[in-house]
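With chain B's structure known, arrange chain G on it following the hints.
There are 2 protein chains.
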Amino acid sequence: METLILSDEDVHRIALGVGLDYLMDELIDRLTKAFETFSTETTVVPARDGFVYDHPVPGLLEWMPCMTYGDRATVKLVGYHPGNPKTRSLPTILSTIGAYDTTSGHLICLMDGTLLTALRTGAASAVASSIMSAPGSRVLGLIGAGVQAIAQLHALSRTFDLEEVLIYDVDADVQGTFTERSSVFASHLSIRPATVGDLVRKSDVICTATSVGIGEGPVFYGVEPKPWVHLNAIGSDFPGKVEIPLDLLQRAFVCPDFRTQAIREGECQQLTPNQIGPDLFEVVQNRDRYQHVRDQITVFDSTGWALEDHVAMNLIMELAAELRLGTRVQIESIPVDAVNPYYFATSRRHETAQRRPTEPVLFESPDIAFRQTGT
Amino acid sequence: METLILSDEDVHRIALGVGLDYLMDELIDRLTKAFETFSTETTVVPARDGFVYDHPVPGLLEWMPCMTYGDRATVKLVGYHPGNPKTRSLPTILSTIGAYDTTSGHLICLMDGTLLTALRTGAASAVASSIMSAPGSRVLGLIGAGVQAIAQLHALSRTFDLEEVLIYDVDADVQGTFTERSSVFASHLSIRPATVGDLVRKSDVICTATSVGIGEGPVFYGVEPKPWVHLNAIGSDFPGKVEIPLDLLQRAFVCPDFRTQAIREGECQQLTPNQIGPDLFEVVQNRDRYQHVRDQITVFDSTGWALEDHVAMNLIMELAAELRLGTRVQIESIPVDAVNPYYFATSRRHETAQRRPTEPVLFESPDIAFRQTGT
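Keeping their order, the protein sequence lines are chains B and G. Throughout, the working numbering is defined as the position within the first sequence, counted from one, plus 16. Throughout, the working numbering is defined as the position within the second sequence, counted from one, plus 16.
Derived from the structure by calculation, the hints contain no laboratory data. Please note that the accuracy of each hint is not assured.
A pair counts as met if it fits within one copy or between any two copies, since identical chains are not told apart.
In silico DMTMM-like cross-links for lysine to aspartate or glutamate, where the CA-CA straight-line distance does not exceed 20 Å [claimed, not checked]:
no., residue 1, residue 2
1, K49, E240
2, K257, E232
3, K102, D187
4, K218, D311
5, K257, E196
6, K218, D353
7, K218, E42
8, K257, D214
9, K102, D353
10, K102, D117
11, K102, D65
12, K257, D187
13, K102, E196
14, K242, E25
15, K102, D311
16, K242, D45
17, K242, E180
18, K218, E179
19, K242, D311
20, K242, E42
21, K102, D87
22, K218, E281
23, K218, D45
24, K218, D177
Because the structure is a prediction, the values reported are computed rather than measured.
The following block holds chain B by itself, in its conformation from the complex:
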């Protein structure tokens, strides 16, 4: 009944062990299946909740739970503290996620939630884009070339046969380093900077993944995209923060990942309820019915759905087991005598006193097969 603790290093070893491409392909595949089989009868995804504060430093700490009956619950804790980089040399987002057995309550595993979030956000865009984008889409535009854009490109490069990738970022440094940062998986792709106007006009699929300020969006306007463009709107995740122009949204088929949340903090904030289309899982479950949207403008309003974290964590846990990575620690109290909270002080007092703390079991993986070669 130990808990598996995966260090960041363990997660990196998993990603490198199986290869980034394998990891992304598998995640897209599992996410597709999860959307196909999603039902509120088997899975519960409450809206995220948390602490939001503006003093002494602005930030938020929120929990994103998801539960499948008789199987597992995952609860991701996400800290968002924009002052971290400057004052602490830490990333804005720090996150961990725990998996619980919903038949016993046992904490099965605890691991980092940040890389997992980037991966699943990319994978969700891949699922949405593969259904809603026009057949033969070849040009991808990325507005915002930061951390999320890397995972978006990775996921979409596994889904589309891309001819060209156009990138734009308000920060010239971020734009300038994108090609190098994506080289680990995208060295075969033609990536070039573009004006935001050119990017919007020429792309078949667009991802907006910016840190535009509250009330400062949209991130483009006054430019007409292709009549079949599909947009993945990634950045909107807070009340008042939007990336897509209202007039475009109003003409588009808008598919949120999680309607309640998208209305509160996604692009759907800008829309009336009747302007919002079905959730992504409904589109995935009824592909034929939504076939026609491929010819029109479509928007995937991605605010981050806890089911995506759930699927990603299950995958990483499986790979950790396969590669025998992680540290096992007995955290939960399992009393020898269920009606004695002090059992350790009576029956085992002397034994406990003389014993060293349990040495954690540290798995080693002597011969991880690096399926990802030196791209």
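Structure of chain G alone, referenced to chain B:
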């Protein structure tokens, strides 16, 4: 930026290292101070929330968050699965609690939540009883002699000069082993079984800590307690579950730990809003104003308040640091390059591939002073 993982063994070593009495005294002291200084300006305690299910096995998994601005948040996850003992030889309750830095979002520590819960529930009763019970209270009655009763007796034995402890449990085995189970701290006390009627009639302070079924309460009736009796109602923690007779409650000064929660799942379920008194922190902050309640029947409606967990965890973390116990693991992703989720695959690919997983730092405490001697 590592996370401190405390194993159950670490927590036992802390408890034995400082001594159970010291731990309880310190906790009562800190809880008193926390109630004295509690303000919604500095501390946020949302109602607990979670998943409740009745298939494939009945259970619930809930989270209890608490946050002090600019300091720490704690989130306790509690699994309650009544089938655990029979089907898995596991306790009904499995629990872990995490502490987060609310200036950075960092997960500081993760540890077991079960022992901590028993301790803080006992300590909260001690705080409530010390203010509301009649001066010179000497006889304690325990209805329900299970795991919580041990911690209740421990806490109250540190607060009162007890002459006699009367116990009653519907389960003769549980009643029969109580003296032995409590001997680690209570060998100097006169503990004897009683009928529930005798117990209620003779006690100055009563704790009800039963697992009475939903709709099956109260746990005593038709017997008149002393006119100054103070009751700590511990067991009510679910809609429909109550322990105290309504006619007694209606005559009593009823003080909930957390009004909103007590109305939903505590004794306060039975009352109308105007029959419910102030929360415990208000009574602690205005001792003089509530001096008169010592002469009347008083009830502390204890449903479990996340602030109590918060205080208990902070104490245990301090003691862990003092005794240098726990295992440190780098769990959260701290990218070298903040805009590259795959930084580990580019700059450090070969290094990571060849490196063993980080060896966790395991603290040892070579010479823990056992302040608790062989009582």
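So, going through the hints one by one against the coordinates:
For the homomeric pair K49 and E240, neither the shortest alpha-carbon distance inside one copy (34 Å) nor that between copies (63 Å) is at most 20 Å. In this homomeric assembly, K257 and E232 come within 20 Å of each other (Cα to Cα) only inside a single copy, at 7 Å, whereas the closest approach across copies is 51 Å. In the homo-oligomer, the alpha carbons of K102 and D187 lie at most 20 Å apart inside one protomer (17 Å), although the nearest pairing across protomers, at 60 Å, exceeds that limit. Only within a single protomer do K218 and D311 lie at most 20 Å apart by alpha-carbon distance; the minimum there is 16 Å, versus 82 Å between protomers.
For the homomeric pair K257 and E196, neither the shortest alpha-carbon distance inside one copy (29 Å) nor that between copies (62 Å) is at most 20 Å. With identical chains, the CA atoms of K218 and D353 are never at most 20 Å apart, being 69 Å at best within one copy and 30 Å at best between copies. Proximity of K218 and E42 under a CA criterion of 20 Å is satisfied in neither setting, with 30 Å inside one chain copy and 67 Å between copies. In this assembly of identical chains, K257 and D214 lie within 20 Å of each other by CA distance neither inside one copy nor across copies; the values are 24 Å within and 65 Å between.
In this assembly of identical chains, K102 and D353 lie within 20 Å of each other by CA distance solely across copies; the values are 14 Å between and 51 Å within a copy. Taking the shortest Cα distances, K102 and D117 sit within 20 Å of each other only across copies (17 Å), while inside one copy they are farther apart (39 Å). Proximity of K102 to D65 under the C-alpha cut-off of 20 Å is found in neither arrangement, the shortest distances being 27 Å within a copy and 35 Å between copies. For the homomeric pair K257 and D187, the shortest alpha-carbon distance inside one copy (19 Å) is at most 20 Å, but the shortest distance between copies (59 Å) is not.
For the homomeric pair K102 and E196, neither the shortest alpha-carbon distance inside one copy (24 Å) nor that between copies (57 Å) is at most 20 Å. With identical chains, the CA atoms of K242 and E25 are never at most 20 Å apart, being 43 Å at best within one copy and 63 Å at best between copies. Within a single copy, K102 and D311 get their C-alpha atoms no closer than 45 Å, and across copies no closer than 58 Å, so neither meets the 20 Å cut-off. In this assembly of identical chains, K242 and D45 lie within 20 Å of each other by CA distance neither inside one copy nor across copies; the values are 28 Å within and 68 Å between.
For the homomeric pair K242 and E180, the shortest alpha-carbon distance inside one copy (15 Å) is at most 20 Å, but the shortest distance between copies (84 Å) is not. When the C-alpha separation of K218 and E179 is checked against a cutoff of 20 Å, the pair qualifies only within one copy, where the shortest distance is 12 Å, while the shortest distance between copies is 86 Å. Taking the shortest alpha-carbon separations for K242 and D311, only the intra-copy value of 10 Å comes in at or below 20 Å, while the best inter-copy value is 80 Å. For a Cα distance limit of 20 Å, the shortest separation of K242 from E42 qualifies neither inside one copy, at 31 Å, nor across copies, at 68 Å.
In this assembly of identical chains, the alpha carbons of K102 and D87 lie at most 20 Å apart only when taken from different copies (19 Å versus 41 Å within one copy). Neither within a single protomer nor between protomers do K218 and E281 lie at most 20 Å apart by alpha-carbon distance, with minima of 28 Å and 59 Å respectively. For a Cα distance limit of 20 Å, the shortest separation of K218 from D45 qualifies neither inside one copy, at 29 Å, nor across copies, at 68 Å. In this homomeric assembly, K218 and D177 come within 20 Å of each other (Cα to Cα) only inside a single copy, at 16 Å, whereas the closest approach across copies is 83 Å.
In the structure shown, a violation is registered for the earlier hints numbered 1, 5, 6, 7, 8, 11, 13, 14, 15, 16, 20, 22 and 23, in ascending order.
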